[in-house]
Structure formats: C-alpha cells, structure tokens
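Enquirer: All letters in the sequence shown, in the order written, are residues 1 to 116 by full-length UniProt numbering.
These aren't lab readings, by the way, just hints derived from the structure by calculation.
Check before you lean on any hint, since a few could be wrong.
[What the hints assert, rightly or not] Straight-line distance between alpha carbons at most 25 Å, and here's what the computed PhoX-like set of lysine-lysine pairs gives: (1) K97 / K56; (2) K84 / K97; (3) K56 / K74; (4) K56 / K86; (5) K86 / K74; (6) K86 / K97; (7) K74 / K84.
[Unchecked claim] Label pairs and their in silico Cβ distance ranges: (8) G12 / D99: 14 to 24 Å; (9) E16 / Q80: 14 to 24 Å; (10) N116 / K62: 43 to 53 Å; (11) Q64 / C107: 36 to 46 Å; (12) A26 / Y95: 19 to 29 Å; (13) A47 / D3: 28 to 38 Å.
A virtual CB, placed ideally from N, CA and C, is assigned to each residue, including glycine.
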Amino acid sequence: MLDWTLTAGPCGDCLEAEGLLRPWLAPAQEVVADAAYDSDALREIIAEAGANAVIKPNPRRKNQPHFDPVAYAKRHHIEQTVNKLKQFRRIATRYDKLDRSYESFLCLRVITLYLN
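I would like the entire structure built from these sequences, with the hints used as guidance.
Expert: And the structure:
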C-alpha cells in the first residue's frame with residue numbers, strides 16, 4: 001500500500017484516483033484497477049505517464065479498450081490486502097467518528113501487516 005485518502009461514503013473512488021496515482025506513476029508500469037475506475041480521463045493520465053492501464057472495461061462502454069486478463073489477474077493482491085485490512089474489526093466497521101482516528105488505526109493496521 002503506497003497511499004490512501006478518505007472520502008465521503010457516496011463519493012466515487014475514480015475521482016480520487018488521479019491525485020493518488022500522479023506521484024507514483026512511472027513509465028513501463030502497470031496500473032491495475034476494476035471497472036469502477038474505467039474512465040477516459042484516468043486512462044489518459046496513465047498513458048501520459050508512459051504507464052499501461054490494466055483496467056477492466058465497464059460493460060456499458062460503447063468502445064471497449066484493449067484489456068489484458070492475464071495482467072488483470074494481479075488484482076487479487078489488491079483484494080487480499082483490503083481483506084487483511086478489514087480483518088481488523090475497527091477498520092471494517094468504522095467505529096471511529098473522527099477521520100483522524102480512523103486514519104490512525106488504518107495506518108497502525110498497515111504497519112502490523114508490513115511487519116508480519
């Protein structure tokens with residue numbers, strides 16, 4: 001896990017992706033994401049950095065971009081990490097009322113995963 005940001009519940013993650021990705025993008029890198037991140041704007045940002053967008057196309061898209069299912073299979077690492085984070089009950093249920101408290105426990109969980 002490189003970076004994260006907290007958003008309001010109904011806020012779409014794709015809106016935050018640009019700000020989170022920009023500092024980390026490098027040429028010949030792959031950005032693996034699910035169909036929720038399938039937008040022309042995000043694909044353009046990734047391409048401008050020289051990286052490869054491995055984003056599952058939204059089925060409602062008229063022009064389906066190239067999709068590599070073999071590279072997309074790496075996405076299971078992301079899902080496993082999120083599941084490990086959510087095993088920490090306090091993170092899964094979001095008991096904390098303040099963003100600062102929630103982010104502190106999220107950071108603590110990431111550190112414990114890293115050390116194990």
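Enquirer: Now look at each hint and say whether the structure bears it out.
Expert: Right, here's what the structure says about each hint:
no. : hint                   : in the structure
1   : K97 / K56              : violated, 34 Å
2   : K84 / K97              : holds, 22 Å
3   : K56 / K74              : holds, 12 Å
4   : K56 / K86              : holds, 24 Å
5   : K86 / K74              : holds, 20 Å
6   : K86 / K97              : holds, 17 Å
7   : K74 / K84              : holds, 16 Å
8   : G12 / D99: 14 to 24 Å  : holds, 18 Å
9   : E16 / Q80: 14 to 24 Å  : holds, 21 Å
10  : N116 / K62: 43 to 53 Å : holds, 45 Å
11  : Q64 / C107: 36 to 46 Å : holds, 38 Å
12  : A26 / Y95: 19 to 29 Å  : violated, 37 Å
13  : A47 / D3: 28 to 38 Å   : violated, 21 Å
Violated hints, listed in ascending order, are 1, 12, 13; each of the other numbered hints is respected by the structure.
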